[in-house]
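Chains A and B supply the protein sequences, listed in that same order.
Letter by letter, the first sequence follows residues 1 to 240 in my numbering.
Letter by letter, the second sequence follows residues 241 to 502 in my numbering.
Hints were generated in silico from the structure; no laboratory data involved.
Among the hints, a few may not be true.
Stated by the list, open to error - Calculated lysine-lysine pairs in the DSBU-like style (CA-CA distance at most 35 Å, straight line):
(1) Lys439(B) x Lys227(A)
(2) Lys482(B) x Lys439(B)
(3) Lys483(B) x Lys14(A)
What the hints assert, rightly or not - Some chain B residues close to chain A (C-beta under 10 Å, calculated; not the full set):
(4) Thr306
(5) Ser307
(6) Glu309
(7) Gly310
(8) Ile425
(9) Met450
(10) Gln451
(11) Phe478
(12) Ile484
(13) Thr486
(14) Pro488
(15) Thr493
(16) Arg500
What the hints assert, rightly or not - Using C-beta positions, here's what the derived DEER-type ranges look like:
(17) Ser323(B) x Glu19(A): 45 to 51 Å
(18) Lys491(B) x Gln22(A): 54 to 60 Å
(19) Asp69(A) x Lys274(B): 52 to 58 Å
(20) Gly305(B) x Met223(A): 57 to 63 Å
(21) Ser420(B) x Ile76(A): 25 to 31 Å
(22) Gln22(A) x Lys274(B): 38 to 44 Å
(23) Met364(B) x Glu19(A): 45 to 51 Å
(24) Pro326(B) x Met223(A): 57 to 63 Å
Glycine residues also receive a C-beta, built at the ideal position from the N, C-alpha and C atoms.
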Amino acid sequence: MANRNKSEDSMLRKTFEHEIQQLKDDVLVLGSMVEQAILNSVEALKKRDIKASQKIFDGDKEINKKRFDIENQLMILIATQQPMAHDLRLLASCMEIISELERMGDYAKGIANINIRMGDAPLLKPLIDVPRMAQIGADMLHQALTAFVNEDVEAANSIPVQDDEVDALYNQVYRELMTYVIQDPKTIERANWLLWVAHNLERVADRVTNICERTIFIATGEMTEIKSTDDEFWEQQKQK
Amino acid sequence: MIETQNSKYVLETKDLGIYYGDFRAVTGVNIPIKRHMITAIIGPSGCGKSTLLRAFNRMNELFTGTSIEGEVLFEGENLYDPSVDPVEVRYRIGMVFQKPNPFPKSIYENIAWGARIHGFKGKMDELVESCLRQSALWEEVKDKLKQSGLALSGGQQQRLCIARALAVQPEVILMDEPASALDPIATLKIEELMQELKKNYTIVIVTHNMQQAARVSDYTAMMMLTNRETHTGTVIEFDDTKKIFTNPKDKRTEDYVTGRFG
Chain A
1 MANRNKSEDS MLRKTFEHEI QQLKDDVLVL GSMVEQAILN SVEALKKRDI KASQKIFDGD
61 KEINKKRFDI ENQLMILIAT QQPMAHDLRL LASCMEIISE LERMGDYAKG IANINIRMGD
121 APLLKPLIDV PRMAQIGADM LHQALTAFVN EDVEAANSIP VQDDEVDALY NQVYRELMTY
181 VIQDPKTIER ANWLLWVAHN LERVADRVTN ICERTIFIAT GEMTEIKSTD DEFWEQQKQK
Chain B
241 MIETQNSKYV LETKDLGIYY GDFRAVTGVN IPIKRHMITA IIGPSGCGKS TLLRAFNRMN
301 ELFTGTSIEG EVLFEGENLY DPSVDPVEVR YRIGMVFQKP NPFPKSIYEN IAWGARIHGF
361 KGKMDELVES CLRQSALWEE VKDKLKQSGL ALSGGQQQRL CIARALAVQP EVILMDEPAS
421 ALDPIATLKI EELMQELKKN YTIVIVTHNM QQAARVSDYT AMMMLTNRET HTGTVIEFDD
481 TKKIFTNPKD KRTEDYVTGR FG
């Protein structure tokens, strides 16, 4: 039951339809705040711009506030409109999606925090794969939110594949950093900082997958788990 | 007389159609009513919900010119078989109506009367207390059993009517909008009571209040007019209540439960 707004019978709940549209718009606003925070946090780290990182760190409060505003809006809608069926799935899923977004915001804040804590210490290596991870993660997030707004099941199913690319980059960063550590154990702390940054970005892509799963649930009522290469790896391990 | 024999379903309709004279009000209904479960019948006004409910205890026959096609099975046997006594049916399958309608008699007599006519030979005081306890009314009325049933509040009167239905030890209780004339607190009391009653009885409820159907029932039958010209209604979807209100299969059910079609 794709785009409900085109339903001929929607006249009966004009106000509710309007509020649902408003809600979706607000989720998009929160999403773009998070997307920007992720890209900016890596850009600031790359340039070792501590001032910019401080701004991102403080900006997380805005993301949290927006999330609570939407949550409040959702609770009012649930209490006053008593949603059923598709509406119920949409509102319940929005509650989940905004929480995923807020956590992604925390990853950006975490990356900003690392840059601040690094102080004067130079980067262990120039950042190349890490910004690529951030870009792919942000793109995935953007696509996932578009799929959410359009309730596009096909897109929601295909976006998570890109997570494999992010995972591959993460493994590459990990191996590279380990070679630095093996050569010179004094680099442990600086390597660890960058590893945390990469780990945060890897988690962003995982959470995008969760948003895609919710989108499929809103549209179809089916709660599916989209498989990632991580899952396949662990299944192979179990079989060994 | 139809024996209680633990058939798969207490009641079951087979291609049931109901006519008022030439007018076909309901057509093609095939639904099971499961034992110790609450089944809700929902749908827009005039789609035949109450008509279907009344077919379950042959109440439609009280209006002249009504007839049915297909079958209603009660404990696996045809409820409309010529050998079945409709009065007997109405004892076994009791009914509670939209507006509380106690007899203009004492609270005690409201319960005792039907039982006495039905040939109850046991201890009447015990039966009255048991029925009032089962309908969650005992504590409120135990000191005024001689008072008129009409002196009670609306919610209490409705519970008295439920107690009265229980007095003849039915297997099924049909409820036609039992809470629509009650305030929210009295409504919740009836709903709580239904959860207690389903341990011993099977309940079928017609309700306009979708939240109520979602709260109280285990199964839901969604009715709708199949033909706007002829005003004939049918069950378009029957499923687990959870399914109907979270992910219905039929687009018309979706539109109705989300309030986009009425």
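Hints versus structure:
no. : hint                              : result
1   : Lys439(B) x Lys227(A)             : violated, 43 Å
2   : Lys482(B) x Lys439(B)             : holds, 20 Å
3   : Lys483(B) x Lys14(A)              : holds, 25 Å
4   : Thr306                            : violated, 33 Å
5   : Ser307                            : violated, 34 Å
6   : Glu309                            : violated, 32 Å
7   : Gly310                            : violated, 30 Å
8   : Ile425                            : violated, 19 Å
9   : Met450                            : holds, 7 Å
10  : Gln451                            : holds, 6 Å
11  : Phe478                            : violated, 16 Å
12  : Ile484                            : holds, 8 Å
13  : Thr486                            : holds, 6 Å
14  : Pro488                            : holds, 6 Å
15  : Thr493                            : holds, 8 Å
16  : Arg500                            : holds, 4 Å
17  : Ser323(B) x Glu19(A): 45 to 51 Å  : violated, 59 Å
18  : Lys491(B) x Gln22(A): 54 to 60 Å  : violated, 25 Å
19  : Asp69(A) x Lys274(B): 52 to 58 Å  : violated, 45 Å
20  : Gly305(B) x Met223(A): 57 to 63 Å : violated, 51 Å
21  : Ser420(B) x Ile76(A): 25 to 31 Å  : holds, 27 Å
22  : Gln22(A) x Lys274(B): 38 to 44 Å  : holds, 42 Å
23  : Met364(B) x Glu19(A): 45 to 51 Å  : violated, 58 Å
24  : Pro326(B) x Met223(A): 57 to 63 Å : violated, 48 Å
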